[in-house]
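Chemist: Going left to right, the sequence shown walks through residues 0 to 127 as numbering that gives the first Met the number 0 numbers them.
Treat the hints as calculated values from the structure; they're not laboratory data.
Treat the hints with care, since some could be wrong.
[To be verified] The list that follows gives simulated cross-link-like pairs (lysine to aspartate or glutamate, EDC-like), each with its CA atoms no further than 16 Å apart: (1) LYS62 <-> GLU40; (2) LYS98 <-> GLU45; (3) LYS98 <-> GLU48; (4) LYS103 <-> GLU45; (5) LYS98 <-> GLU40.
[Said to hold, decoys possible] Computed beta-carbon distance windows for the label pairs: (6) ARG108 <-> GLY78: 23 to 31 Å; (7) ASN35 <-> HIS91: 30 to 38 Å; (8) PHE66 <-> ARG30: 18 to 26 Å.
Note that CB positions come from ideal geometry on N, CA and C, so glycine has one too.
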Amino acid sequence: MWPPGVQNFLVNTGQRKGGLCFQFAERLLWRISAQNWNTVEFHWAESFERTASEHNVIVVTAKGQNFYQGIILDNWRYGGRLVWGPLLEDPHYQWHENKGQFQKVVDRRPRPTPSVTPTSSGTPAVAE
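Modelling step: build the complete structure from the supplied sequences, incorporating the hints.
Modeler: This is how it looks when you write it as structure tokens:
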């Protein structure tokens with residue numbers, strides 16, 4: 000939905016189930032953190048915290064690299080199209096890391112469910 004503020008209005012008035020920036024960031028973090036990464040780390044970033052303009056994204060850095068040297072991954076800003084670039088060069092926001100929120104989101108990541116495949120008898124079989 001463009002502009003993003005319209006999406007927020009629809010969610011906040013109950014006309015849509017979800018689609019706020021933190022929900023986009025959560026799902027992106029869940030997806031990418033499920034992979035086995037050896038050379039990069041992910042971070043939760045916030046700008047304009049606790050205001051109507053609050054925005055949340057994921058930041059990726061090399062392992063051990065300073066958060067402020069990272070790259071933002073923002074899959075909400077342009078209606079689901081990924082925006083990425085150097086964190087310090089983002090002209091619209093002033094990003095800050097929130098390690099506590101990062102851990103909360105990772106801890107809430109849904110666990111994979113076994114896939115169900117039909118058998119010749121018609122009874123579902125659970126794939127392991």
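Chemist: Next step is simple, just say for each hint if it's right about the structure.
Modeler: Hint-by-hint comparison with the structure:
no.	hint	verdict
1	LYS62 <-> GLU40	holds, 5 Å
2	LYS98 <-> GLU45	holds, 10 Å
3	LYS98 <-> GLU48	holds, 14 Å
4	LYS103 <-> GLU45	holds, 14 Å
5	LYS98 <-> GLU40	holds, 12 Å
6	ARG108 <-> GLY78: 23 to 31 Å	holds, 24 Å
7	ASN35 <-> HIS91: 30 to 38 Å	holds, 33 Å
8	PHE66 <-> ARG30: 18 to 26 Å	holds, 21 Å
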